[in-house]
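Undergrad: Here's the letter readout for the chains.
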Amino acid sequence: MFHRGELTVATQRRGTYDITREVAKIVDESGVRDGLATVFIQHTSASLIVCENADPSVRRDLETFVKKLVPDGDPMFTHDAEGDDDMPAHIRTVLTQTSIGLPVAGGKLALGTWQGLYLWEHRTSPHRRTVSVTVIG
Amino acid sequence: MFHRGELTVATQRRGTYDITREVAKIVDESGVRDGLATVFIQHTSASLIVCENADPSVRRDLETFVKKLVPDGDPMFTHDAEGDDDMPAHIRTVLTQTSIGLPVAGGKLALGTWQGLYLWEHRTSPHRRTVSVTVIG
Amino acid sequence: MFHRGELTVATQRRGTYDITREVAKIVDESGVRDGLATVFIQHTSASLIVCENADPSVRRDLETFVKKLVPDGDPMFTHDAEGDDDMPAHIRTVLTQTSIGLPVAGGKLALGTWQGLYLWEHRTSPHRRTVSVTVIG
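Residue numbers (this note's numbering), protein chains in the order written: chain X, 1 to 137; chain Z, 1001 to 1137; chain P, 2001 to 2137.
Only chain X is shown next, with the shape it has when bound in the complex (with noise of 0.2 angstroms):
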């Protein structure tokens, strides 16, 4: 069996977003019992993690993390074409996921207790993102 769904998320600015029950519902929506989902986020400036997702100062000790990491407006960066985050904003998502299978197991994703997914706005300013979700089983 082979279904895609896909979500699109309006993101308001720089951080991260939990998108595991809408992935969850085009899980559902396939009909498949037991397979693989992969969700794909069609940017460059904005990426895919799975976080723990009980505690939020988690998602901003990470994000106080990679703004260190990697500086907004640094000067070694010569591609700035759309601002000092522009390639911030590309390191971060090669440094972290543009893709991930998910298991699916009872027509839900198997998951850990702790574990949500979440799509990670790299930009500053708001942006329509759209993933797409390949479930088969």
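Derived from the structure by calculation, the hints contain no laboratory data.
Among the hints, a few may not be true.
[Unchecked claim] Taking lysine-lysine pairs in the BS3-like style, the calculated list, with each CA pair at most 27 angstroms apart, reads:
1. 2067/P x 1068/Z
2. 2067/P x 67/X
3. 1068/Z x 67/X
4. 68/X x 2067/P
5. 1068/Z x 68/X
6. 108/X x 25/X
7. 2068/P x 1068/Z
8. 1108/Z x 68/X
9. 1067/Z x 108/X
10. 2068/P x 67/X
11. 68/X x 2068/P
12. 2108/P x 2025/P
13. 1108/Z x 2025/P
14. 67/X x 1067/Z
15. 2067/P x 1067/Z
16. 1108/Z x 1025/Z
17. 2068/P x 1067/Z
18. 25/X x 2108/P
Just so you know, these numbers come straight off a predicted model, no measurement behind them.
Given chain X's structure and the hints, the job is docking chains Z and P onto it.
TA: Relative to the frame of chain X, chains Z and P by itself:
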């Protein structure tokens, strides 16, 4: 064809644990000759990597590097409920992999000569880790 | 439906090599209209990334950034049997991807407008690199 297997790894401490053989066993049991094995770890403070498997110094240097990149107890972290290694474990996980898709050919994992699949425990204390393997072919 | 293809990339030096077209060709040959193409690189000192494909300065800045993040010949590395770039190549691989799942729609790779798939050679000398493509649909 579809098959799901699971393995549990009892980690002793922070470090890399070779799970190539256990995953290959699940692939063998699946009966799939040619397809895809997607390995997924159900945690946010341990991750998966494909790494050189010949010289242990590679994984020692990797640990040295990441320990310096994401220092335990860095005062920038506010999330430290479970200790100095709590937030670094989440970051190390996000910078590596939660899910890896491996080709299956002739009933075996089609890895390169020097590739091993490792579970990387990022917490300093022992943990029980669950890894699921989805085989499709 | 299942199809396996393989491509070989003769790298000249450290840097990114666009393999989008070669992978799309294998997808086309597979006859799969809608499904998943999983690209896997059989090495631990070269990796895969999805990156912006319009402005080459993005990939130049990416190289600059990673070269600073993981310096060749850093005295913290003990594994240097193959030279100053040996251990950095393994680390750069672990921080990026060995395997990426790409959606296939209408017989084509369903990438975003500015997305390209690149093989990233992390060694400074030329290498022959093998990439396998598993198409399921």
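Undergrad: None of the hints should be skipped; say for each whether it holds.
TA: Each hint, compared with the structure:
Note on residue 2067/P and residue 1068/Z: the hinted pairing holds, with a Cα-Cα distance of about 16 angstroms set against a maximum of 27 angstroms. For a cut-off of 27 angstroms, the pair hint linking residue 2067/P to residue 67/X stands: about 18 angstroms separates their Cα positions. Restraint check for residue 1068/Z and residue 67/X: the C-alpha separation of about 17 angstroms stays at or below 27 angstroms, so the hint holds. For the suggested pair residue 68/X and residue 2067/P, the alpha carbons sit about 17 angstroms apart, so the restraint of at most 27 angstroms is met.
Simply put, residue 1068/Z and residue 68/X have alpha-carbon atoms about 14 angstroms apart, close enough for the 27 angstroms limit, and the pair holds. With a C-alpha separation of about 9 angstroms, the suggested pair residue 108/X and residue 25/X falls inside the 27 angstroms cut-off, and the hint holds. At roughly 14 angstroms between alpha-carbon atoms, residue 2068/P and residue 1068/Z fall within 27 angstroms of each other, so this suggested pair holds. Under the criterion of a C-alpha separation no larger than 27 angstroms, the hint pairing residue 1108/Z with residue 68/X is inconsistent with the structure, at around 42 angstroms.
A threshold of 27 angstroms between alpha carbons decides the hint, and for residue 1067/Z with residue 108/X the separation of about 36 angstroms lies outside it, so the pair is violated. Taking the CA atoms of residue 2068/P and residue 67/X, the gap is near 16 angstroms; set against the 27 angstroms cutoff, the hint holds. Pair hint residue 68/X plus residue 2068/P holds up; C-alpha atoms about 14 angstroms apart against a cutoff of 27 angstroms. Between the alpha carbons of residue 2108/P and residue 2025/P the distance comes to roughly 9 angstroms, so the proposed pair stays at or under 27 angstroms and holds.
For the proposed pair residue 1108/Z and residue 2025/P, the alpha carbon gap of about 25 angstroms is at most 27 angstroms, so the pair holds. Restraint check for residue 67/X and residue 1067/Z: satisfied, since their Cα atoms lie roughly 18 angstroms apart, inside the 27 angstroms limit. Restraint check for residue 2067/P and residue 1067/Z: satisfied, since their Cα atoms lie roughly 18 angstroms apart, inside the 27 angstroms limit. For the proposed pair residue 1108/Z and residue 1025/Z, the alpha carbon gap of about 9 angstroms is at most 27 angstroms, so the pair holds.
For a cut-off of 27 angstroms, the pair hint linking residue 2068/P to residue 1067/Z stands: about 17 angstroms separates their Cα positions. Taking the CA atoms of residue 25/X and residue 2108/P, the gap is about 25 angstroms. The hint holds against a cut of 27 angstroms.
In terms of the numbered hints stated before, the structure departs from hints 8 and 9, listed from lowest to highest.
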